[in-house]
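Asker: Model the full structure from these sequences, guided by the hints.
2 protein chains.
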Amino acid sequence: MESLQVELGSRSYPIYIGEGLLGQMRLLKKHIASTQILIVTNETIAPLYLDDLTLQLTPEFDVQTSILPDGEVYKTLGYLNHIFDSLLETRCNRQVTLIALGGGVIGDMTGFAAASYQRGVNFIQIPTTLLSQVDSSVGGKTGVNHRLGKNMIGAFYQPQCVLIDTSVLTTLPARELSAGLAEVIKYGAICSIEFFEWLEKNMDKLLSKDVHALTHAIKTSCGMKADVVAQDEKESGVRATLNFGHTFGHAIETHMGYGEWLHGEAVSVGMCMAADMSNKMGWITDADSARVIRLCEKANLPTKKPAGMSSSDFIKHMKVDKKNTSESIRLILLNKLGKAVIHDCLDDVQITRVIDLFDEVQS
Amino acid sequence: MESLQVELGSRSYPIYIGEGLLGQMRLLKKHIASTQILIVTNETIAPLYLDDLTLQLTPEFDVQTSILPDGEVYKTLGYLNHIFDSLLETRCNRQVTLIALGGGVIGDMTGFAAASYQRGVNFIQIPTTLLSQVDSSVGGKTGVNHRLGKNMIGAFYQPQCVLIDTSVLTTLPARELSAGLAEVIKYGAICSIEFFEWLEKNMDKLLSKDVHALTHAIKTSCGMKADVVAQDEKESGVRATLNFGHTFGHAIETHMGYGEWLHGEAVSVGMCMAADMSNKMGWITDADSARVIRLCEKANLPTKKPAGMSSSDFIKHMKVDKKNTSESIRLILLNKLGKAVIHDCLDDVQITRVIDLFDEVQS
Chain P
1 MESLQVELGS RSYPIYIGEG LLGQMRLLKK HIASTQILIV TNETIAPLYL DDLTLQLTPE
61 FDVQTSILPD GEVYKTLGYL NHIFDSLLET RCNRQVTLIA LGGGVIGDMT GFAAASYQRG
121 VNFIQIPTTL LSQVDSSVGG KTGVNHRLGK NMIGAFYQPQ CVLIDTSVLT TLPARELSAG
181 LAEVIKYGAI CSIEFFEWLE KNMDKLLSKD VHALTHAIKT SCGMKADVVA QDEKESGVRA
241 TLNFGHTFGH AIETHMGYGE WLHGEAVSVG MCMAADMSNK MGWITDADSA RVIRLCEKAN
301 LPTKKPAGMS SSDFIKHMKV DKKNTSESIR LILLNKLGKA VIHDCLDDVQ ITRVIDLFDE
361 VQS
Chain F
1 MESLQVELGS RSYPIYIGEG LLGQMRLLKK HIASTQILIV TNETIAPLYL DDLTLQLTPE
61 FDVQTSILPD GEVYKTLGYL NHIFDSLLET RCNRQVTLIA LGGGVIGDMT GFAAASYQRG
121 VNFIQIPTTL LSQVDSSVGG KTGVNHRLGK NMIGAFYQPQ CVLIDTSVLT TLPARELSAG
181 LAEVIKYGAI CSIEFFEWLE KNMDKLLSKD VHALTHAIKT SCGMKADVVA QDEKESGVRA
241 TLNFGHTFGH AIETHMGYGE WLHGEAVSVG MCMAADMSNK MGWITDADSA RVIRLCEKAN
301 LPTKKPAGMS SSDFIKHMKV DKKNTSESIR LILLNKLGKA VIHDCLDDVQ ITRVIDLFDE
361 VQS
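Protein chains in written order, with the working numbering: chain P, 1 to 363; chain F, 1 to 363.
Don't read these hints as lab results, they were simulated from the structure. Only a predicted model underlies this, so the values are computations on that prediction, with no experimental measurement involved. For every residue, glycine included, the Cβ atom is placed at its ideal position computed from N, Cα and C. A hint or two may mislead.
So the derived label-pair ranges between C-beta atoms look like this [what the hints assert, rightly or not]:
| hint | chain 1 | residue 1 | chain 2 | residue 2 | range |
| --- | --- | --- | --- | --- | --- |
| 1 | F | S10 | P | I193 | 30 to 40 Å |
| 2 | P | K234 | F | I342 | 29 to 39 Å |
| 3 | P | K234 | F | Q5 | 21 to 31 Å |
| 4 | P | A290 | F | K29 | 43 to 53 Å |
| 5 | P | D344 | F | E89 | 20 to 30 Å |
| 6 | F | V211 | P | S328 | 45 to 55 Å |
| 7 | F | T90 | P | V361 | 28 to 38 Å |
| 8 | P | K316 | F | K29 | 29 to 39 Å |
| 9 | P | D344 | F | S10 | 23 to 33 Å |
| 10 | F | M256 | P | K234 | 38 to 48 Å |
Far from chain F, by Cβ distances over 12 Å, these chain P residues were calculated [to be verified]:
| hint | residue |
| --- | --- |
| 11 | E2 |
| 12 | G18 |
| 13 | A46 |
| 14 | D52 |
| 15 | Q64 |
| 16 | K201 |
| 17 | D204 |
| 18 | H212 |
| 19 | D227 |
| 20 | A307 |
Below, computed lysine-lysine pairings styled on DSS-like, alpha-carbon distance capped at 30 Å [what the hints assert, rightly or not]:
| hint | chain 1 | residue 1 | chain 2 | residue 2 |
| --- | --- | --- | --- | --- |
| 21 | F | K234 | P | K234 |
| 22 | F | K319 | P | K29 |
| 23 | F | K234 | P | K29 |
| 24 | P | K30 | F | K234 |
Answerer: Okay, structure coming up:
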């Protein structure tokens, strides 16, 4: 078992990474304050792990469950209220611990429910997808979508711990595995050329779910994220670089309707577009821009923008991105492979040109 | 103009109190970070003050408005989403400042919207009822109701400043004035026998809206609240004493349906019940318990529980109160007039007996 620490003063917490951790509840139990637990999960994950988890925690704890439908389309205030219904119907008090058992949607919603229930209760992340293991379960970004923008409603709210059981990836569909690899590639692109090169060499192992390769990728990604979050919890500076590929990506997700494209797939195209723009700015070479695209392709990720999505469609959605200040669009670009920069585009012309020239999926 | 400071380190902020402050926008402007403003108000307050406020802020600022229906019954996640609609439709970014122009409902909802929009933006409180001026606008408790419990969903989130214009009380209906006086009486009962005695002497002046008496009552109440909040922002201890009368009161509000009883009216009965229980515990004399009831009566507030509301109705709602730990009910009682104590009732028998014996409104 490996362990990392997210250093945030009184809000510091550990990330545990290892095979079969879901069978080792002692790690979890020391982070639970009272006897009340509400496990929040979804209809896909519940049949796989919920009974076993509940069995291990009963009768020591009073375990309640809230099971949501599976998918980004349910990441709304309305479905968040289902979690509050469960909490109130079972009379959970301020000492309750919420456990998020699922992917990014469950983690984000459970975290925001924990932040808001009675103005704040404890929660624990048990991410069950690669994407949530390497990215969304760490760092305390929680929230739900609004029809006019992704993750527009939420809170910065840190969990008590993150428990990453690499064994759960054996049941993860290939498409979801690839979506998670998009965020893994992101860390290489923005933080470390060495890790990027390791990914170029080991992508086949990752796709075949080699446990050592996956553990290395998860640990490296979580370590980089923990470092950035410790420096800038509330994204007043460097944390924004973790959004590499996400500005274009969120525009795709919002435009296509939540759930059509997986988050990681949209981020993949977004990273390719951001690399292309970095190249057009003269910051990275044609070859390095092509390496980003090739690595995404190797991970079986899309690298072309959605058919029929125009530059004005992109710009419209990018204008409501959380990173923006005033009328400019804030983009995360690369000034070399392995190093991100924050770039404010004061006019839309340059972005428009990059988007217009970027390849489209053949419809 | 009087000014108080809520001391919370980097989150400290001023409370400005005075006649005609709504005409002095310089106080407000220095707390606004960018050009974007969203004023949140309701259908009752908008015709009175919105145009004038907007006029004073335009064209220096880009002022948008979100007008909600008036009443506690609209303090829900669904109506909160109307504020997010306005923010996103007008493309407000993270530098936006929300202004809450209204009573407690508007203040609580706007504060929670500010806490949650893009994971946190600035907001300013302009309370327009006595109740919100002396209590809910100060201290950063924000949130909405759930059908199963009042204020169950929310955040601790502090404003940039609180602007209290005593002139707005001239348009406040008598019933709302009395409701506000309930919270004023609360501060006397829990913090200061001198203030309680001042209220006994000056209640007529307050009811006739004497501006000097009102200003003194507001300043004293805000000062006491600011002190308590500075000691215990997130209610891990002493702040709970500010809930004197609120445990019984919330039960009444939830049982009767939000909006039937004003919050202050429910708190008035709750304080009388809590004083009665303090007396039954042997902590305060019959005479002091009677003084609490008499002062509430003098403020034209109800002092008897709703007709037909049984002790089991009370207990059911009190069990989901935010202050509770495990199965006990946490009550705020008086160990003398002017001094509150936190009391955990480990069984329901004692509370049941007090409630059963407490006078009911004749139906």
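Asker: Non-interface claim for A307(P): all C-beta distances to chain F beyond 12 Å?
Answerer: holds (26 Å)
Asker: Using the beta carbons of S10(F) and I193(P), state whether their distance is inside 30 to 40 Å or not.
Answerer: Because 37 Å falls inside the window, the suggested range holds.
Asker: Decide, holds or violated, for the assertion that all CB atoms of chain F are farther than 12 Å from the CB of E2(P).
Answerer: holds (29 Å)
Asker: If you draw a straight line from the CA of K234(F) to the CA of K29(P), is it 30 Å or shorter?
Answerer: Distance ~25 Å between K234(F) and K29(P) Cα, so the pair holds.
Asker: Can we trust that Q64(P) is non-interface, i.e. its beta-carbon lies farther than 12 Å from all of chain F?
Answerer: holds (14 Å)
Asker: Keeping to a limit of 30 Å between CA atoms, is the pair of K234(F) and K234(P) held or broken?
Answerer: Holds - the C-alpha atoms of K234(P) and K234(F) are around 20 Å apart, at most 30 Å.
Asker: Would you assess whether D204(P), listed as outside the interface, keeps its beta-carbon beyond 12 Å of every beta-carbon in chain F?
Answerer: With a cut-off of 12 Å, D204(P) remains clear of chain F, as the shortest Cβ separation is near 38 Å.
Asker: Find the nearest Cβ of chain F to the Cβ of H212(P) and say whether that gap is larger than 12 Å.
Answerer: holds (36 Å)
Asker: Taking the Cβ atom of K234(P) and the Cβ atom of I342(F), is their distance within the range 29 to 39 Å?
Answerer: With Cβ atoms ~33 Å apart, the hint holds.
Asker: With respect to the beta-carbon atoms only, verify the hint that A290(P) and K29(F) lie 43 to 53 Å apart.
Answerer: Holds - the Cβ-Cβ distance for A290(P) and K29(F), about 51 Å, lies within 43 to 53 Å.
Asker: That 28 to 38 Å hint for T90(F) and V361(P) (C-beta), does it hold up?
Answerer: holds (33 Å)
Asker: With 12 Å as the threshold, tell me whether D52(P) passes as away from chain F on beta-carbon distances.
Answerer: Non-interface label stands for D52(P): nearest chain F Cβ at 27 Å, farther than 12 Å.
Violation of the numbered hints given earlier is absent; every hint is satisfied by the structure.
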